[in-house]
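Novice: Letter by letter, the chains look like this.
There are 2 protein chains.
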Amino acid sequence: MEFITGLEKKAAMDFSELMSGSMAGQEAFVEGMVHSIRDMGEISFVIVRSREGLLQTVVNKSLADGELGELREGQAVRVRGIVTREERAPHGIELHLKEARILSRPEEPLPLAIDKWKLPTSLEGNLNRRAIALRNVRERAKFKIQEGICRGFREFLTEQGFTEIHTPKLGAKSAEGGANLFRLQYFHRSAVLAQSPQFYKQMMVGVFDRVFETGPVFRAEKHNTKRHLNEYTSLDFEMGYIDSFLDICRMEAALLRHVMQTLETEYSEELTLLKITLPDAERIPYVRFDEAKRLVSEKYGRPIRTPYDLEPEEEALIGQYFKEEYDADFVFVTHYPSKKRPFYAMDDPKDPSFTLSFDLLLGGLEITTGGQRIHDYSMLLKKIEEKGMEPEGMEDYLDCFKYGMPPHGGLGIGLERLTMKLLGEDNVREACLFPRDMTRLRP
Amino acid sequence: MEFITGLEKKAAMDFSELMSGSMAGQEAFVEGMVHSIRDMGEISFVIVRSREGLLQTVVNKSLADGELGELREGQAVRVRGIVTREERAPHGIELHLKEARILSRPEEPLPLAIDKWKLPTSLEGNLNRRAIALRNVRERAKFKIQEGICRGFREFLTEQGFTEIHTPKLGAKSAEGGANLFRLQYFHRSAVLAQSPQFYKQMMVGVFDRVFETGPVFRAEKHNTKRHLNEYTSLDFEMGYIDSFLDICRMEAALLRHVMQTLETEYSEELTLLKITLPDAERIPYVRFDEAKRLVSEKYGRPIRTPYDLEPEEEALIGQYFKEEYDADFVFVTHYPSKKRPFYAMDDPKDPSFTLSFDLLLGGLEITTGGQRIHDYSMLLKKIEEKGMEPEGMEDYLDCFKYGMPPHGGLGIGLERLTMKLLGEDNVREACLFPRDMTRLRP
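Chains as they are written, first to last, in the numbering used here: chain W, 16 to 458; chain B, 16 to 458.
Just chain W, with the same shape it has in the complex (with noise of 0.2 Å):
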């Protein structure tokens, strides 16, 4: 019987382990795709792209006999080379090729120019042909930032003692009501697709204290706009105990300072490619609704038109304001107004026409919605009634309030919108890898 015992070291190294200085005038191997191919005359320089970014090979022609003469953009190959130093080549060195095994051969040449520096293809060019475009490195780079992102706020969350939960995206009934459901028919029944994990992250306040989620919702909004996707992926948490929403707004400042960090120390290279500053997120200014509505329009003579919602200009300017006045990046606007809340935000007792919810802003866009829920039984059914809504079809998550749960509250990050600002994109397509909206179902 033979037995698997695990990894097994490989001929092909890393590009990051020909860089060692010991390295150099040793022979190596590395594997690849090739990436661009520059015709010198006597040589040719072969750009071999990997998952750690460009090698800078050489071939010199008349030596190039057997697979090495025919290499070609496109090709899959794993080569044999002398390390060289060469201060010119990316990271200081290139291998001098010997010998090349072409592992795969393209069909036809690449579509689109993946080698220049800026992708010279319109986004919806990009998009149409999102595979063969991310194959561009500072296109590539943008979803390294966003896996960045994912894992600060895992590894943060996970050392705050939250635990991570996987909850159903198929379900009877939604927790933010009927309107921008997906349905579909389940074994001759009828189903929905979450909105969000609202209503179950909350009953697992009563198990875990903390928990979140990174998953995908659905949305069938009817928006096509720069800002909106529908399908998104949710970073989600939700922790219990909490003393005031602000427990909530303190930890999502802490999470966003970590995820910075991490940002700062694991994709240093990728902040550097794509010429990224990252926003502060030591200092949080937060203010409440109405008076951010206020300052705005005084101080850009915008008239107040919707006085329960922030409109997107207004977000903008709120952005604005607090970069002028204050140079901060991200801005907690708290107390949103009740009408505009779903039923399970709590009021503010002060004045329960506004809850005690807040959005942060990020350059001017809502990348995070969250805030205190209604812990009590009594108060959320009466709150239901006060909304017109029934509350026949959520009996299980009323279940978790009958039997009883701690006072708590969360928030949901939009991953694409966070990284659109990061990579100070004015598109949320260009931080998804594959969008979704009213007229792309594909690739």
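You can't tell identical chains apart in this list, so a pair holds if it fits in one copy or across any two.
Think about it this way: if two alpha-carbon atoms lie no more than 16 Å apart in a straight line, the pair counts; the simulated EDC-like pairs of lysine to aspartate or glutamate are:
| # | residue 1 | residue 2 |
| --- | --- | --- |
| 1 | 25 | 262 |
| 2 | 159 | 174 |
| 3 | 338 | 17 |
| 4 | 355 | 326 |
These aren't lab readings, by the way, just hints derived from the structure by calculation.
Starting from the known structure of chain W, fit chain B onto it as the hints suggest.
Specialist: Frame of chain W, contents of chain B only:
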């Protein structure tokens, strides 16, 4: 203007802080839910449950004024007391209460005896009141184990240079063909829910070389068995530049070893609580599909009825065989027949009626399906034709191959199945927070 600058120190302490020797005789606050109350006459024991476990607190009834006299099961409380060594109490300490603040009161007594060691209810009863049943500390611990699996999975793959991706769950067409798909209306078009991230993770190998995803998948399978869920969490990875499908098996073996180490070091309390002996992932036998069939048929005298597939009973016997013969918990079964594998599976060049693919069994249950994929464009088109399929609707996937892809392969692990086997449970619903099956769409 006021600012949020991160976490603030709270009065309430973690249970673990109380256990430090220096706390004996000191006053402390803790928060949690009243898990159970044992009335002993003069005094009562009030067991408080938090995310960390159970803490014994003691109320001297003659001194219990205010809310200290009103403590009831199911309440969320903040209590103040003196930390006292008591060998008979869990963790060797108890808290002699001076004061209590009741943070919330239940409307009704708990419908399940969550304080019993083993929850006295059927699986159906448990699932029907899931959010309450999980307040039982053993039920809850199962999902800490599940968290540990996910955490180990991501940590290990991140170390190995894999990139985390988030791929869409809504699509126009699916990877594995038409059967078993949930269909829905997507803005006047028809869409399907992803039954696996297969196409996307392969496409992303051309970008990141190595990728992983942890997310929900949806299977409209009309199976109502102990092993099937219609929505589950799939732990997927896909990696380029493999020399053989055994590279995938090796990566999985090393991954499983890391997961077991993570559980041992970070989740030892839960392992003890649940009396779990972890399986041995150090040395995993591998055996061909046809050979495995022959071995169990011979040893257990069971005729081979389905030459192209493993029956559940056959899988169980393979597990039994390798346990008996090699003391192995896991076994890789390799070279599944091409007939029963999807079109993208790489056929064995030595005998194309078998594929370079595998399942991993744990305790006689399939927990992983994986293998090498076809990376050559024309080979892929040919296989699609041979399978009687149409390339229509798969253009985005096929384009990746047209423009060049490295040799690659990968796998998917069913998180709930792996959890179930580690827990020694025999129904996968035990290992899912909110299972979805043909008859269950709530809670």
